[in-house]
Amino acid sequence: MKLLLKNGQVVDPANGRNGRFDVLIEDGRIARVEPNLAADGAEVLEIQPGWIVAPGLIDIHVHLREPGHEHKETVATGAAAAVAGGFTAVACMPNTEPINDHAGITQFILKKAAEAQLARVYPIGAVSLGSKGEQLAELGEQKTAGCVAFSDDGRPVATALLMRRALEYAGMLKLPIVNHCEDPSLKGDGVAHEGYHASALGLRGIPGVAESLMVERDVSLAELTGGHVHIAHMSARQSLRAVRAGKDRGVRVTCEVAPHHFTLTDEALEREPKYDTNLKMNPPLREAADRDALLEGIADGSVDVIATDHAPHHADEKMLEFDRAPFGIVGLETAVPIVFDRLVHAGRITLTRMIELLSVNPARVFGVPGGALSAGAAADVTILDPDKAVTIQASALRSRSKNTPFDGWQLRGGVVFTIVGGRVVHGGR
Amino acid sequence: MTTRTVDRPSDSTRPESTGPGERPGDRPNPSEQAAPQLRSRHLLGIAGLDAGEITLILDTAVAMKEIGGRAIKKVPTLRGRTVVNLFFEPSTRTRTSFEIAEKRLSADTLSIATATSSVTKGETLVDTVRNLEAMSPDMIVLRHSSSGAPELLSRICRSAVINAGDGMHEHPTQALLDAFTIREHKGRLSGLKVAIVGDLLHSRVLRSNVLLLKTMGAEVWACGPATLIPSGIERLGARPTTSVDEAVEGADVVMLLRIQHERMHAHFIPSVREYFALFGMTPERIRRAQSNVIVMHPGPMNRGVEIDSEVADGPYSVILEQVSNGVAVRMAVLYLLAGREEGTLE
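So the protein sequences, as listed, match chains A and B. With the working numbering, the residue at position 411 of the first sequence is 411, and numbering never jumps. With the working numbering, the residue at position 100 of the second sequence is 100, and numbering never jumps.
By construction, these hints were calculated from the structure, which means they are not laboratory data. Be careful, since some hints might not be right.
Lysine to any residue pairs mimicking SDA-like chemistry, simulated, CA-CA at most 20 Å apart [as the list claims (entries may be wrong)]:
| id | chain 1 | residue 1 | chain 2 | residue 2 |
| --- | --- | --- | --- | --- |
| 1 | B | 74 | B | 91 |
| 2 | A | 2 | A | 50 |
| 3 | A | 318 | B | 263 |
| 4 | A | 318 | B | 267 |
| 5 | B | 103 | B | 126 |
| 6 | A | 174 | A | 251 |
| 7 | A | 187 | B | 231 |
| 8 | A | 132 | A | 174 |
| 9 | B | 103 | B | 67 |
| 10 | A | 143 | A | 129 |
| 11 | A | 187 | B | 79 |
| 12 | A | 402 | B | 91 |
| 13 | A | 187 | B | 268 |
| 14 | A | 187 | B | 267 |
| 15 | A | 318 | B | 67 |
| 16 | A | 402 | A | 387 |
| 17 | B | 103 | B | 122 |
| 18 | A | 187 | B | 122 |
Here are a few chain A residues that face chain B, going by a calculated C-beta distance under 7 Å [unchecked claim]:
| id | residue |
| --- | --- |
| 19 | 195 |
| 20 | 321 |
| 21 | 323 |
On a predicted model such as this, the values are computed, not experimentally measured, just so you know. Don't be surprised by glycine CBs; every beta carbon is placed ideally from N, CA and C.
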């Protein structure tokens with residue numbers, strides 16, 4: 001079983017490639033990446049001029065909701081959304097029901113992913129039992145079962161002591177702790193970024209400092225322990241400053257930013273329809289100064305990864321008063337067009353940087369395979385059309401949930417083919 | 001209650017005397033046949049109203065107030081119309097005021113309070129209202145603890161939605177009745193200095209009043225402890241200060257907002273005692289205002305916390321007039337939103 005990707009513009013930063021190459025895939029693995037390869041019996045996929053052949057994109061922050069909330073998403077529907085969005089692999093957060101704090105649940109998720117045969121799924125285990133912040137989960141067992149990182153996502157790792165121990169223990173296992181940074185007392189019952197727009201709408205505010213205070217704590221604890229902390233869905237300019245300072249002194253800190261945080265600001269809450277619960281996420285949409293700082297961090301390399309925080313919720317659950325609706329939006333199928341349109345075509349980043357943010361760095365940060373089109377590696381490939389005209393249509397999303405604020409957006413750039421293990425799992429225009 | 005003479009004849013409160021925010025096209029022109037109207041079929045907040053619309057409501061309320069002075073306080077204007085008062089938060093003053101307003105206009109009214117609704121059985125707001133709508137009401141008056149709840153309803157309702165207070169967002173009929181009361185006393189809104197003192201952060205009355213008074217050309221000062229001043233209040237149109245003396249200095253209107261005792265638990269204020277010492281409206285502090293100052297409070301009052309009893313019951317207090325005017329203003333809103341093709345005021 002051979003597949004030849006013919007005449008593509010290969011953007012493979014990990015191998016220093018950015019040019020015209022053919023990619024030969026044999027038995028699910030990359031066999032050769034060279035110019036002018038002969039078909040030699042292989043099925044040929046002719047890459048159109050202008051299309052990009054990239055190592056498979058990896059989203060290290062998604063919520064697949066199974067087990068427990070299958071009305072929002074399942075491993076299979078989430079994996080379908082992933083490949084439709086160009087992602088060959090996703091890492092799923094443990095805030096399922098029950099919480100993934102045990103090897104048995106990790107095995108269940110992996111079994112569901114294997115049945116779906118779409119994207120690769122890497123479970124993230126809970127840091128603490130029940131994510132309650134009281135007792136460490138069995139991180140070693142979880143690693144053996146297949147977890148690639150640990151997080152109490154949705155809830156911050158509450159105490160400095162638990163974070164310290166988690167960093168030390170996970171450091172021993174050579175896995176990162178991913179933290180949803182937020183000081184609970186400053187967050188309170190806030191639902192929107194603290195500022196003029198929250199005031200005008202009468203919504204309780206969450207200041208950016210609620211996030212950055214804990215980022216500063218975690219950077220200090222990573223420095224103390226030598227552990228690796230990864231800051232999830234970073235939204236505040238103060239957090240970026242703390243991450244940069246940590247990196248400057250050699251602390252093992254990495255961070256991710258979600259597309260909605262570098263695209264939208266809290267000003268959107270006042271547009272019609274006002275109080276759109278598809279603009280409610282945690283951390284909240286922040287002000288222009290934060291968005292601009294994130295854009296700068298994405299461009300200058302301070303931000304390691306773009307991850308979607310794909311958070312499916314049923315339409316009924318979002319059809320509530322703003323302060324009662326759940327936080328979160330889906331992101332798997334909107335990320336690539338947004339990154340193309342708002343970052344690449346806007347001249348903020350190069351194509352190479354785009355692939356670093358969506359493939360190379362996610363693989364490196366979580367220590368998972370992928371991120372490079374190297375001979376011998378699993379043939380996870382994403383083929384992109386930078387000029388594809390895309391209109392986001394919520395009702396057409398593969399995800400079981402349609403909660404996106406980008407419905408109707410017209411963007412330039414999209415996914416053409418997604419190949420996982422040499423198999424085309426999404427493709428054709 | 002103290003009676004005061006209205007500074008100007010009521011004729012001067014006609015549309016011709018509206019504030020600077022008004023555009024000529026918004027002004028109801030008496031020479032034309034078409035009756036002036038509100039642009040929206042809902043009243044979700046002051047934020048959606050321009051100066052002409054605010055003036056229209058206030059002018060209509062003048063006629064409505066006259067009805068309340070009659071021996072038979074009832075007109076058939078809304079006969080056959082059904083109004084549902086849907087109150088998800090405890091309220092005595094506002095609910096009673098709406099009910100009286102509806103009855104004086106001959107509407108069929110129904111009041112639902114949260115304790116007796118199916119919300120306690122886990123039904124969502126949207127489902128509750130869809131069920132109510134299946135019985136074909138014409139208007140829904142909504143009080144809800146969540147900011148934006150009236151917006152949500154307006155997107156799914158056939159009925160006209162009137163916001164009777166939503167969370168910390170808006171309380172438009174309160175601001176309108178406040179403006180009506182101010183206009184009765186001062187003859188205008190434009191150019192007045194209005195000091196609003198109290199818990200600004202949690203107050204929907206503050207937001208609606210700032211928006212309305214700014215639109216009508218008044219100068220609004222917002223005063224409270226630093227912990228209770230909302231972020232970005234300047235952009236809303238108020239001048240923030242933590243000095244009550246600065247706020248009250250030369251003020252034409254002093255409006256006090258309630259301080260809830262539970263604010264102590266979230267560290268907003270150390271104690272009500274200290275609040276009164278620093279911000280409480282005493283006769284001494286009131287002396288810095290204009291000699292013909294009026295003192296207002298949307299209620300319910302905490303005597304001895306935000307307001308000294310001597311001020312609350314003093315000659316400059318118009319607190320009970322606000323309550324009386326609330327009925328007239330709400331009649332005006334109901335009347336204007338119901339459409340006037342069928343009813344008259346005669």
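How the hints compare with the structure:
no., hint, verdict
1, 74(B) / 91(B), "violated (24 Å)"
2, 2(A) / 50(A), "violated (24 Å)"
3, 318(A) / 263(B), "violated (30 Å)"
4, 318(A) / 267(B), "violated (32 Å)"
5, 103(B) / 126(B), "violated (27 Å)"
6, 174(A) / 251(A), "holds (15 Å)"
7, 187(A) / 231(B), "holds (15 Å)"
8, 132(A) / 174(A), "violated (23 Å)"
9, 103(B) / 67(B), "holds (12 Å)"
10, 143(A) / 129(A), "holds (15 Å)"
11, 187(A) / 79(B), "violated (49 Å)"
12, 402(A) / 91(B), "violated (38 Å)"
13, 187(A) / 268(B), "holds (15 Å)"
14, 187(A) / 267(B), "holds (14 Å)"
15, 318(A) / 67(B), "violated (45 Å)"
16, 402(A) / 387(A), "violated (25 Å)"
17, 103(B) / 122(B), "violated (32 Å)"
18, 187(A) / 122(B), "violated (26 Å)"
19, 195, "holds (5 Å)"
20, 321, "holds (3 Å)"
21, 323, "holds (5 Å)"
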